[in-house]
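**Q** One-letter residues, chain by chain:
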Amino acid sequence: MNSKLQSGLNYRLKITIAGSMSEMAHLMVCNGYLDIVHGGYGSCDLRLPKGIYTFVVSLNEIKEERTVSLDKDVYESYELPGFYSAIPAFGISNFSEDVTEAAERYSIEPTVGLVDGSLNSSLFIFLSKIEMGNSSGRNPSLGRRLLILDRERRKIYALDKKLCVKKHGNEDWLAFHVKIPKGLYYLHYVGGRQSDARELPIYVFEGWQTQVFLGVAKTPRFSSLRIRIAKDHQGFDRNASSSLLMEAVLLKAQNGIFHFPFEDLWELAVGKWEDPMKGLLAIHMFLAGKPDVQFNHQMVISNLSDLLGRDCPDIRALNVMLAQKLGLEEWDMHIDEPCMFLAGMLSAVRGINGNQIIVAESAAEKILEELYSDLIWTSYKPEPINREFDQIFERIKYAGYSLPDLNEVDTESFVANFEYEYKSYSISSLRPPTPKKPAILNSWVANLILEEVLEEANAKTVTELSAMLRLTPTLVDKTLKNLILSKTEIIEWSNSGEIDIAKEYISEKNFTRLGNLKR
Amino acid sequence: MNDRDFALLFGFDHYKSLKPLKGPIGDAEDFQKWLLDPEGGNIPSGNCFMLPSDPDYKPGQDDVDDRVDLILDAIGKGKGRRLYIFFAGHGFGVSYDNNGLLLPKWSLRGRNAAFSSKAYFDYFVESDLFEEVLLFLDCCRDPKTSVVPRGPRNGNVATKNTQCRSSIFYASEFTQSSYEDVVGETGLVRGNFSLALMRGLRGGAANERGEVTLKKLASFTKILTENFACGEDEIVRRQKVVVNHFNDSEEDVVLYTFPGGRPLTTLTVTFLIEGTYMLKGQKLEVLKEGTETAGAMWVIAGLATGFYVISEVGADREERIFLDNSEKNMSYEF
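Protein sequences, first through last, are from chains R and X.
Here the first sequence stands for residues 1 to 519, where the numbers follow the numbering used here.
Here the second sequence stands for residues 520 to 853, where the numbers follow the numbering used here.
The hints are simulated quantities; they were obtained by calculation from the structure and are not laboratory data.
Hints are supplied without guarantee of correctness; some may be wrong.
Some chain X residues near chain R, calculated using beta-carbon distances under 10 Å [claimed, not checked]:
no., residue
1, T694
2, G723
3, L733
4, K735
5, F739
6, N746
7, R757
8, E804
9, T824
10, G825
11, V832
12, A834
13, R836
14, E838
15, D843
16, S845
We put the beta carbon where it would ideally sit given N, CA and C, even for glycine.
Construct the complete structure from the given sequences, taking the supplied hints into account.
**A** This is the structure:
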C-alpha cells in the first residue's frame with residue numbers, strides 16, 4: 001500500500017482495492033484540473049486539498065472510474081470482479097459445481113484405456129464452454145478439430161472421438177485423460193480455415209500430470225488456455241494454494257506486464273511446489289522483469305530441474321534465459337524441441353554471443369517461421385499434419401475446381417469424394433501447365449532474405465543476416481541454399497508474366513549477393 | 520511564425536494485407552491543421568511534410584526517407600528548434616522502446632515493410648539537429664515475431680553529445696492495441712489517442728496561464744484516451760497512453776500559449792425537473808445555486824477544462840460534468 005500522508009493538506013483520500021488481485025490493479029487519481037496526483041499499483045492513502053477527484057482502477061480489461069468530492073476525509077473501496085479463466089476453480093472463474101467436479105473426477109480417472117499400467121505420467125485436457133456476449137446458435141462441439149500429436153507430429157488422439165473423452169450432454173465440458181509416457185506432445189487445432197490453425201507444444205513430465213484447460217466458444221479461445229502440473233494420481237485441485245496468485249501473474253504476463261509485487265513472486269518461486277508451474281511462472285517473471293531485482297535464479301531453476309528433469313525444453317530454455325541475463329560467455333546448451341513458454345523460445349532464437357542454440361532442422365527450429373506472439377505459451381501456425389490432403393487440394397485447384405469452404409464441410413469426406421471422382425478425369429481435361437510460382441517463394445523467410453539482401457548491404461555473413469532477421473543461422477542458411485538451388489525456376493517464373501514479388505528482388509545481381517554471403 | 524520548427528506526418532488508411540483503417544489520414548490532417556494554425560504550432564507550410572497513404576498502397580520507405588532528406592536540406596548547417604513526428608496507422612511492438620510502423624504494402628511475406636520508430640527518433644535526436652524532438656504514435660503495439668522494421672537510409676548521422684530534449688507519446692502500452700472510433704454524431708472516425716491529443720492541443724490541456732505544456736498535454740491525453748477507448752460498450756477496452764520524456768528538466772516545454780489565457784467554455788445546464796440545484800467547480804467552490812422549475816436553464820460562462828459536479832440539493836443526486844474545452848459552448852441536461 002502506498003502511503004502519502006503529508007501534513008499541510010486538508011483531507012484524506014483513502015482508496016482500498018479489494019479482491020484477490022488487488023495488488024496487481026493499477027490506480028490513477030487525478031484532480032479536477034486533470035493533473036495526475038497519484039499513479040501506482042494497489043490501494044492508496046493520500047492527503048489532498050479540497051476538490052473534485054477522479055480515480056480509475058484498471059486491471060487488464062477491467063476498468064472502474066469514480067469521482068469523489070473531497071471536502072472531508074473520504075474512504076472509498078472497490079471490489080475487483082472475478083476474471084475469466086478456463087481453470088474451473090473457486091474465485092477464478094464462474095463455472096458451475098458440475099464442471100468443477102467433472103474436472104476433478106476425470107483428472108483422476110483416465111478417459112482412455114490404460115496404455116501401460118506402469119506409467120506414472122499423464123496428460124489431462126479439460127475443455128469448457130465459454131459464454132460469449134451475443135453469440136447465438138448451436139452449442140460448440142467442444143473437441144472438434146482438436147488433436148493430440150506425438151513428438152513426431154503424428155495424430156494419436158482426436159478430441160471429438162467419443163471413445164477417448166468424457167463429455168457433458170450439453171457440451172458444457174469435455175475431459176480427456178490418458179496415461180502417457182513422458183515427453184513432448186502437441187495440442188493441434190486444425191482450424192476451420194487454415195489461417196485459424198494453431199499448435200502448442202505440451203510437455204508431460206515423469207511422475208507428473210500435465211493439465212491443460214481451454215475455453216471454447218464457437219472455436220477454441222487460446223487466450224483462456226492454462227497449463228498446470230500436478231503429481232500424477234493427485235488430479236486437479238480446485239483449492240490449490242496460490243491458484244489466484246498464479247492466475248494474476250499469468251494475466252499480467254499475457255498482457256506484457258512484468259511488474260509484480262516481489263513478495264508475491266517470491267511466494268510462488270520458493271514454495272513447496274505441489275504444482276511446479278508456480279516456479280516456472282515466477283522464474284519467467286523474474287527473468288523478464290527488471291534486472292536489478294536481487295533473486296537467486298539459479299536456485300529456482302535447479303529446484304525445477306530436480307522436479308521436472310533437466311533435459312525438458314522449458315528447463316533448457318530457462319538456462320538460456322539465465323545465461324543471457326547474467327551475460328555468461330561460456331555455455332553449452334542446445335534446444336531441439338519447442339518449450340511451452342514463448343519467452344523461452346524467443347530467448348533461444350536470440351542465441352548467445354552469436355552462437356546458435358536451437359538445433360538445426362530440429363522440431364524447435366521448424367516452428368520459428370510461423371510463431372505467434374499473442375500468448376505467453378509457445379504457439380504457431382502448424383504445418384498440416386496430413387500432407388496428402390494438401391497434395392490433393394493442389395490437384396483440385398490445378399484441375400480448375402474451387403476449394404470448398406472448410407468451415408462448412410467435413411474435410412476428410414470431401415477429400416475422399418474428390419479422390420473417387422478425380423480418378424475419372426483424364427489428363428487432357430486439365431489445363432496446360434504454366435510456370436508455377438516456385439514453392440520457396442511462398443516462404444516469408446525467403447522473401448525477407450531477398451528483400452533484406454537487396455536493401456541492406458550491411459550483412460556480410462549468414463550469422464549477421466540471421467541476427468538482423470531474428471532467425472537462427474541454420475534456418476537462414478537453409479532458405480538461402482534453397483533460393484540459390486531454385487534460381488533458374490524462380491527466374492523462369494519471374495519472366496512468365498505478372499508476379500507478386502518486386503522484380504528487382506529476382507535479379508542476377510541479387511542472387512550474386514546471396515551467393516556471396518559467407519557461411 | 521516558428522520557422523525553425525518542422526513536422527513529418529504519416530496517416531495510413533490503406534493496407535494491402537491488413538484491415539483498412541478509417542482514422543489515420545484524418546488524424547494526420549487534424550494535426551497538420553494545428554501545426555499550420557497561427558493559433559497552434561504556427562509553422563510554415565513548407566516545413567510541414569505530410570505523407571498520407573493512397574489506394575495504390577503508397578507511400579513506401581523511400582518516400583519516408585525523401586521527406587527526411589527534405590528536412591535535412593532545409594536545416595542545412597543550422598539547427599532546428601522543434602521537430603514533430605506524427606504517425607497514425609497500423610503498428611506493432613518490437614520492444615518497450617521500439618515500434619514497427621507499418622507501410623501500406625506490409626504483408627506477412629513482406630513483413631519488413633515497416634519503419635522503426637526508435638531508429639528514426641534516434642536518428643534525429645542523436646544528430647542534435649533539433650533542440651526538441653516530439654514523436655506521437657497512434658498505432659498498435661502488439662508484438663510480432665521475426666519482423667525487423669527498418670531505420671532511415673539517409674546515411675549515418677554524426678552522433679553528438681546531444682542536448683536535444685525529446686518526448687515520445689505512445690497511444691498504448693507495449694503489447695497492447697490502440698483503437699479508432701466514430702466521433703459522436705459526426706460520422707468521422709478518429710484514433711482515440713489522436714482525438715485526445717488534438718483536444719489537448721486545442722486548449723483542453725492549457726493551464727491557467729493559457730500555456731499548453733508538454734507534461735500537461737501528456738496527462739490530459741492519457742486521461743481522455745482511456746475515456747474514449749472505454750466507450751459505452753459492455754466490454755471495456757483498455758488503452759493506456761505511455762509518455763516518455765528524455766533529457767527532461769523541471770521547466771516544461773510550452774507548445775503554445777493562448778494570448779488571452781486558456782480557452783473557456785460556456786456551459787448551459789437544462790433542468791428536467793423542478794428542484795434546488797448546485798454547481799461546483801474543481802475546488803468544490805460553489806459556482807451557482809438556486810431553485811429552478813422544469814425546463815429552466817443556467818448559462819455559466821468562463822469555465823476551464825476539468826471536472827464539475829452538479830447536484831440536486833437534498834435529493835442525493837449528483838453527476839459529474841467533464842469539460843475539455845474542445846467546444847466553446849456545451850449543453851448538459853440534468
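**Q** For every hint, state whether the structure bears it out.
**A** Do the hints match the structure? See the list:
1. T694: With Cβ-Cβ at 3 Å, under 10 Å, it holds.
2. G723: OK, holds: G723 of chain X within 10 Å of chain R, min 8 Å.
3. L733: violated, 14 Å
4. K735: Hint holds; K735 of chain X Cβ to chain R Cβ min 8 Å, cut 10 Å.
5. F739: It holds, given that the least Cβ distance between F739 of chain X and chain R is near 5 Å, below 10 Å.
6. N746: This hint holds: N746 of chain X lies near chain R, its Cβ roughly 8 Å from the closest one there, short of 10 Å.
7. R757: holds, 6 Å
8. E804: holds, 9 Å
9. T824: It holds, given that the least Cβ distance between T824 of chain X and chain R is near 6 Å, below 10 Å.
10. G825: Holds: closest Cβ of chain R sits about 5 Å from G825 of chain X, inside 10 Å.
11. V832: violated, 14 Å
12. A834: At 15 Å from the nearest chain R Cβ, A834 of chain X fails the 10 Å test, so the hint is violated.
13. R836: This interface hint is violated because 13 Å lies over the 10 Å limit.
14. E838: holds, 9 Å
15. D843: holds, 9 Å
16. S845: Nearest chain R Cβ about 13 Å off; hint violated.
The structure shown violates the earlier hints numbered 3, 11, 12, 13, 16.
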